Structures are given as C-alpha cells and as structure tokens.
Amino acid sequence: EAGVAQSPRYKIIEKRQSVAFWCNPISGHATLYWYQQILGQGPKLLIQFQNNGVVDDSQLPKDRFSAERLKGVDSTLKIQPAKLEDSAVYLCASSLAGSNSPLHFGNGTRLTVT
Amino acid sequence: AQSVTQPDIHITVSEGASLELRCNYSYGATPYLFWYVQSPGQGLQLLLKYFSGDTLVQGIKGFEAEFKRSQSSYTLRKPTVQWSDAAEYFCAVGATGGADGLTFGKGTHLIIQP
Chain A
1 EAGVAQSPRY
11 KIIEKRQSVA
21 FWCNPISGHA
31 TLYWYQQILG
41 QGPKLLIQFQ
51 NNGVVDDSQL
61 PKDRFSAERL
71 KGVDSTLKIQ
81 PAKLEDSAVY
91 LCASSLAGSN
101 SPLHFGNGTR
111 LTVT
Chain B
1 AQSVTQPDIH
11 ITVSEGASLE
21 LRCNYSYGAT
31 PYLFWYVQSP
41 GQGLQLLLKY
51 FSGDTLVQGI
61 KGFEAEFKRS
71 QSSYTLRKPT
81 VQWSDAAEYF
91 CAVGATGGAD
101 GLTFGKGTHL
111 IIQP
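Chains A and B are the protein sequences, given in the same order.
Following the numbering used here from start to finish, the first sequence increments by one per residue and tops out at 114.
Following the numbering used here from start to finish, the second sequence increments by one per residue and tops out at 114.
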C-alpha cells in the first residue's frame, strides 16, 4: 500500500513569513496527526483529526498555527507568521479508526526559519 | 500527565554485539507502549508495540522488547546488531493502541562501530 505522502520535503523561509505543509494519509485511514519534531527531541503531537473533525489540538499554538482536513482525507498545516523556534521537522501520521491501530508516519517536511 | 524518559542520548555498539535501549514511562493507567526507529531523513517506522499479555514482545528486524510494570520500563533489545541498525530510536506511550496521539521520548541515537 502507498504510505503517507507529505510535501514539500524541505522549506526555508524568513521569520514572519507564512508556510503551508500538505499531507495525504494512507487510503482509508480515518485518523490523521500532525507532529512537530525539533532537532534532538522526540515528536510532539500538534493536532489530531478523526475524519474532518478535530480530536485534540491542545498543544497547537493557535495564535500562529492552523490545520484543516476539510474532506476528511488530505490535510494542510499552516504557520503564519513563522518564528525562528518553529524550525523543525513536521511529521504527518495516519491510522485506521480504532484503539489498536498503529500510526504510519510520512517522511516529514523539514522547515528552516531564518 | 504521561511522560517518557530515554536516559541514553547516544549509545555506541560494535557490529555483531548485543543491544539494549532503556525507556521509562510515567502513566496513570495501563499504558500502550511502542518503539519506533527513524533513519536520517525518514519518518518513523514502528518496530514493536505492547498492549497487553505477554511482557516479552517480538518485533520486526530481530528486535524484541520487555515490559516491566513494576519498574515502569520498556526495554528494547537485539541480540546481534548490524550496520544498518544505526538510527534514532524512540520510545512512546499512549492511552490506546494508536487512536490517540502518542507521547514520545527524546530518542536514543545508536552508533554502530565496525
């Protein structure tokens, strides 16, 4: 089966600019996650969707980050305006609905804010 | 709140030697535990998971993990490491098998020396 697709792979922007990342989950996966992985740290959950609804966005900095999954398939994560500390790898993951379904991760988008 | 501690930031092992990576967790209920591996520029790949039952879990690529509830530990092992095992290893804990977001440790960087 095709894996989780993310684009772009790399992005370099200046602080205060905006940026958007795209994720296409595995077909049929109802649950979609965005994680932020800062260099030297483990991934941190930003937001979780179940179909097109938000399940958990408690760690999403909502003053600058937004995410949507309008049709319950693809998702977009946006940062506006970006700060230096947003430099990280942004990982998308998906899973089937159900409590025992493992997460499948994409290769991530590496963001550098200068 | 749940947390995961991986006490070793770096571990160096000779090719052909055995491997043990430590993980301790803090969680208020019965945890779901995972080990993921991340190669450079790649997403995370699930090695194995513990949900319940037998505390010694077999995973992919010859890895196994032992869950010890009394010590709040989930130790990853491999009898004979290969050059290709050099990567970042992450321990994670979740409330369910995957339907909820995971909390990751900071990772252990495994270096294989000839």
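These aren't lab readings, by the way, just hints derived from the structure by calculation.
In this text the structure is predicted, and so the values were computed from the model without any measurement.
Treat the hints with care, as some may be off.
[To be verified] Calculated pairs, EDC-like style, for lysine to aspartate or glutamate (alpha carbon to alpha carbon, straight line, at most 20 angstroms): (1) B:K106 with A:E14; (2) B:K106 with A:E85; (3) A:K44 with B:E88; (4) B:K49 with B:E15; (5) A:K71 with A:D86.
[What the hints assert, rightly or not] Among the chain B residues that face chain A by a calculated CB cut under 8 angstroms, a handful are: (6) P40; (7) V57; (8) K61; (9) G105; (10) K106.
[To be verified] Here are some chain A residues the structure puts well away from chain B; computed CB gaps all over 10 angstroms: (11) S27; (12) K44; (13) R64; (14) D74.
Backbone N, C-alpha and C fix where the C-beta goes; we use that ideal spot for every residue, glycine too.
| message | Flag every earlier hint the structure violates by its number, smallest first. | response | Violated: hints 1, 4, 5, 6, 7, 8, 12.
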